[in-house]
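Undergrad: One-letter residues, chain by chain:
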Amino acid sequence: MQLSERDQTLLDGAAGEAAQQAMSALVQLGEAYDAPDMVDIGYAHVHAGMALYKGDVELIEATAQQGARMVVPASTNIANADMGDWQGIGAPETLGRLQKRAEAAHRRMGSATSFTCTPYWAGHWPTWNMHIASIESGVTVFANSVLGARSNRDGYFAVYAGMTGRYPRFGLHLDRNRQPTHRVTVSAQPRGTAEFTALGYAVGTAVGSGVPLIQGIRRRPSLDELDALGVGMATSGGVAMFILPGATPPFGEDADAPGLPEIEIAEAEIAGVFDTFCTGGEAGFDLVHLGCPHASFEEMKYYAELLAGRRVAPGVELWITTSRAVRQTAREAGLLAPLLASGARVVTDTCPISCHFACTCSPDPALGVTPPTLRTILVDSAKQAHYVRDMIQCPTLFTTSELAVESAVTGRFVPRSRRNG
Amino acid sequence: MAETSWQARGVVRGVADGAALVSQTALSFLGDLDIRSGRVVGRSSDLCGECVAGRVLVLPASRGSAGAWRFLYQLKMHDTHPAALILREMPDPSVTQGAILAEVPVVVAPEGTFWTNMRGGDILRVDGSSGRIERCQR
Chain A
1 MQLSERDQTL LDGAAGEAAQ QAMSALVQLG EAYDAPDMVD IGYAHVHAGM
51 ALYKGDVELI EATAQQGARM VVPASTNIAN ADMGDWQGIG APETLGRLQK
101 RAEAAHRRMG SATSFTCTPY WAGHWPTWNM HIASIESGVT VFANSVLGAR
151 SNRDGYFAVY AGMTGRYPRF GLHLDRNRQP THRVTVSAQP RGTAEFTALG
201 YAVGTAVGSG VPLIQGIRRR PSLDELDALG VGMATSGGVA MFILPGATPP
251 FGEDADAPGL PEIEIAEAEI AGVFDTFCTG GEAGFDLVHL GCPHASFEEM
301 KYYAELLAGR RVAPGVELWI TTSRAVRQTA REAGLLAPLL ASGARVVTDT
351 CPISCHFACT CSPDPALGVT PPTLRTILVD SAKQAHYVRD MIQCPTLFTT
401 SELAVESAVT GRFVPRSRRN G
Chain B
1001 MAETSWQARG VVRGVADGAA LVSQTALSFL GDLDIRSGRV VGRSSDLCGE
1051 CVAGRVLVLP ASRGSAGAWR FLYQLKMHDT HPAALILREM PDPSVTQGAI
1101 LAEVPVVVAP EGTFWTNMRG GDILRVDGSS GRIERCQR
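If you're matching them up, the sequences are chains A and B in order.
Using our numbering, read the first sequence as starting at 1 and increasing by one per residue.
Using our numbering, read the second sequence as starting at 1001 and increasing by one per residue.
Bear in mind the hints are in silico, worked out from the structure with no lab data behind them.
The C-beta atom is built at its ideal place from N, Cα and C for all residues, glycine as well.
You can trust all of the hints, since none of them are fake.
Not the full set, but computed from the structure, chain B residues with beta-carbon under 8 Å of chain A:
1) R1013
2) G1031
3) I1035
4) A1066
5) W1069
6) R1070
7) D1092
8) Q1097
9) G1098
I would like the entire structure built from these sequences, with the hints used as guidance.
TA: Rendered as structure tokens:
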């Protein structure tokens, strides 16, 4: 592997122990994938340090302690507690305090303490051809497919990339891998984010970790819908990039994928995803969740409109999860007051599957974390539904955002109705 | 003394040995494993009920979430990690990153005779730098 003079200097330890360890790990990664050299990255979305996993906050603290500093703009991924109000969602004091230590470590390293799975809605917007590193698969697919930036599905090494500004040239950093592997024809006409997560989920199930080229959607989806489409695919499959001709840079409207494996997604497939995740009883849900992935400002506006002048039914909790940055913008736009007046809870930094509700985590037993018993969680996202099933391991109900609000207000589940087409 | 050895592609360096635990199904490190015990709980895996701790895990492929790295690292934190991984095909970058962090040697695509001659329970020594797999005893 060809290293630059600066790569070699970091590897030799001239810039300190932290950078040396990071560069050594990146070189090993590059050699594993036959990378010819390293690229300069422009941005990194990095691991938060997760309090529900033993030794994980300590790992990020140790990196900060060694003198690591982010040399490119860096945002932090979703965490295990709302660091402004963990009591509000019933998290133990020990867990909230441990999570705050990760925040302090990131401040030392110069990361933006965004703690969100949608850093783009918080202003981190990499552009065409920029190499980036990302720990969150939803960020990877949005960056590759909507923004035209270049990212693999990374793990902890996004931190190493942020500290060195470098990443080995392999996978989706190479043009030859940014080409379609399947042609997907969509005959359904989904509307809204819930339906787009379901479409994405159906596509991911069909293509695995391929690069689907998607035809048949008759209008340009909104940014929120494009986001939803990508996270759906990244959840059911290992999709890191989709190609929507006319939207995905640099593919024009005439881009096609003739001769590749063909997949058709009709209304029945989308309805099938909703059905798969309707396993709970109609009236027995204790939590309604909106904001997976973390809500954009546009989604906050929409929720405020749906909830204006209404009240969440007794015995039901309604959570809206978003980033700190979007919550602040929403507050200044006067959207928070009506949401809170309806009885909804606006939660930042985490979400149901990322907080102490998950029973597949492995916290230090000394933290005294006990996941609560939940009857059913009602969601408006196929991603949240999938991980509620696997990580919280309780029944789900899945419907559109509008009908999720209707359900929260009436206390009775309102399912999505099938569409023609 | 090694009875037999095979050449594979070295992916994550380090040397480790253990009894082979062989699967014919792809494994998701996020979801298919109970971290505290190292036991396979995913019902889609043919290893369901087995324990990966200290074993040389032989898999056709890894699958699933980009959170795989964290679960591999968590197995290490709980001392329930596999000794080494042998895979038919290159894993997701997240798995490789987790293995480097957890210092679990990984080799990929061993030569054909490995698949026909190796048996579950064989004691294998895996060298992730040279890509060498040795069978120490039966």
